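Colleague: Listed below, chain by chain, are the residues.
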Amino acid sequence: MKLLRILSLFIAAFTMIFFTGCDLSSVYSSEFFAMDTVMTITAYGKNSENAVSAAQDRIYELDDLLSVQKEDSEIYKLNCAKSLSVSPDTLSIINRSIEISNLTDNCFDITCEPLIRTWGFYSGLKNKVPSQDEIETALKGVGTEHIKINENTVTLDKNTSLDLGAVAKGYASGEACRVLKENGVSSALISLGGNVRAVGSKPDGSDWSVAICDPDDSTKQAGTLKISDTAVVTSGGYQRYFEENGQIYHHIIDTETGYPANSGLKSVTVVSQDDTLADGLSTALFVMGLENAKKLYFDNNSLFGAVFITDDNKIYITDNLINNFSSERSFEII
Amino acid sequence: MKTRTWIIIFSLACVLCVCVWLYFSAFFSPSETVGIYQDGVLVRQIDLSSVTQPEEITLSGEYGDNVILVSHGHIKMKSADCPDKLCVKHGELKSSASPIVCLPNKIVIKFEDDAPSADAVTGR
Chain D
0 MKLLRILSLF IAAFTMIFFT GCDLSSVYSS EFFAMDTVMT ITAYGKNSEN AVSAAQDRIY
60 ELDDLLSVQK EDSEIYKLNC AKSLSVSPDT LSIINRSIEI SNLTDNCFDI TCEPLIRTWG
120 FYSGLKNKVP SQDEIETALK GVGTEHIKIN ENTVTLDKNT SLDLGAVAKG YASGEACRVL
180 KENGVSSALI SLGGNVRAVG SKPDGSDWSV AICDPDDSTK QAGTLKISDT AVVTSGGYQR
240 YFEENGQIYH HIIDTETGYP ANSGLKSVTV VSQDDTLADG LSTALFVMGL ENAKKLYFDN
300 NSLFGAVFIT DDNKIYITDN LINNFSSERS FEII
Chain C
0 MKTRTWIIIF SLACVLCVCV WLYFSAFFSP SETVGIYQDG VLVRQIDLSS VTQPEEITLS
60 GEYGDNVILV SHGHIKMKSA DCPDKLCVKH GELKSSASPI VCLPNKIVIK FEDDAPSADA
120 VTGR
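Taken in sequence, the protein lines are chains D and C. Residue numbering for the first sequence follows numbering that gives the first Met the number 0, starting at 0 and increasing by one per position. Residue numbering for the second sequence follows numbering that gives the first Met the number 0, starting at 0 and increasing by one per position.
Please keep in mind that the hints were generated in silico from the structure rather than gathered at the bench. None of the values given here were measured: they were computed from a predicted structure. One thing to keep in mind: the hints can contain errors.
[Claimed, not checked] With a straight-line Cα cutoff of 30 Å, these simulated BS3-like cross-link-like pairs (lysine-lysine) come out:
| hint | chain 1 | residue 1 | chain 2 | residue 2 |
| --- | --- | --- | --- | --- |
| 1 | C | Lys93 | D | Lys69 |
| 2 | D | Lys139 | D | Lys127 |
| 3 | C | Lys93 | D | Lys201 |
| 4 | C | Lys77 | D | Lys76 |
| 5 | C | Lys75 | D | Lys127 |
| 6 | D | Lys219 | C | Lys1 |
| 7 | D | Lys157 | D | Lys76 |
| 8 | D | Lys225 | D | Lys180 |
| 9 | D | Lys313 | C | Lys105 |
| 10 | C | Lys1 | D | Lys125 |
| 11 | C | Lys1 | D | Lys127 |
| 12 | C | Lys93 | D | Lys313 |
| 13 | C | Lys84 | C | Lys105 |
| 14 | C | Lys105 | D | Lys180 |
| 15 | D | Lys313 | C | Lys77 |
| 16 | C | Lys84 | D | Lys225 |
| 17 | D | Lys45 | D | Lys81 |
| 18 | D | Lys294 | C | Lys93 |
| 19 | C | Lys88 | D | Lys69 |
| 20 | D | Lys147 | D | Lys180 |
| 21 | C | Lys77 | C | Lys93 |
| 22 | D | Lys219 | C | Lys75 |
| 23 | D | Lys225 | C | Lys77 |
| 24 | D | Lys125 | C | Lys77 |
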């Protein structure tokens, strides 16, 4: 009898220890392809499956509107017709993009489509170094002054075409976050091909840990950010490039020169509560380089934080990320 | 309490420790199990440590064929008909943080249950 009592005590203790160590809330995760990338949404809590499904549908909907290559998308139709009455989503993202262009002295520019095309960075095209003539022709339509907006009608100059690729995933992660919250999810992690969005904090209340990829070796980490309820987006030339005659040409084109940006940076990671801004700024800061990015940060430090990795492998972080960033490597604070 | 009771308690504690150790070691030992996915669907799961003969697996998609080369402890995209060939340039699968991805043909090759050190990776 005594033995039985001791045994039941052990079983009770083991059960308690085991279950207190586990998270009993439900978790649902979905991996899918959209916007030319692999996306993962993982949500915790009661309604997680329905919420993830709704967020996924919202991303598909935005992909169908904003894709530069899908023939049914509004952007494709606008680029062909040069004038189109667009949906509130498309209008909103074009307006936000123009704001980000103005904020960054046009280092971010959605009129880059002819340049991206001439460098062959669209699927189905072959990468090639264009001639100077081709670049000058492409540059004719570049610049947000070539976009006119009248109520919900967007009109482009004849040489101008839009590519929302540098901002669409950010807008989509913001929308996915909104949809998850509307469906009762308070803890989730959204990863849209490396654009990460934390919804709330982890189910245990701690911050999410987001590793920043080492530009020289994607299997390693350059550092880790501890975040909650914010977006983290990285842009780097190492993500997509081609080699011609021993020279590497990456996909982030400086719309002033028409050539891949050569600003001394390997990657820029932007942390912001505004997903669209984080996405657009990661490209803009990469293009403008560290010194100009510092100036922009000093004037707008409430809007974003950033981690820079330079061509000579130094890491710089903005001072508002001191408590969030850790790395085995040395880093400087700006 | 009698000595016999203490012996029983001690023995039970030992058995419990061994059970807990076995349970967690089974879940957290480094895995060499790799999943090959196409369009989100698991096409094949392979334990790389049990591969004795090199094998080529061909998957077809919208942009042609991808040939995956599997050998003991190793897996990589050997060749691809897709335009950018980023999956081939990726080389061998080395870390759960960096899966081999072919976007045009919607193929992902990744470690199945190797827990990553971070919750997510940015800039991949």
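Colleague: Looking at the structure, which of the earlier hints fail to hold?
Modeller: 1, 4, 6, 9, 10, 11, 15, 16, 17, 18, 20, 23
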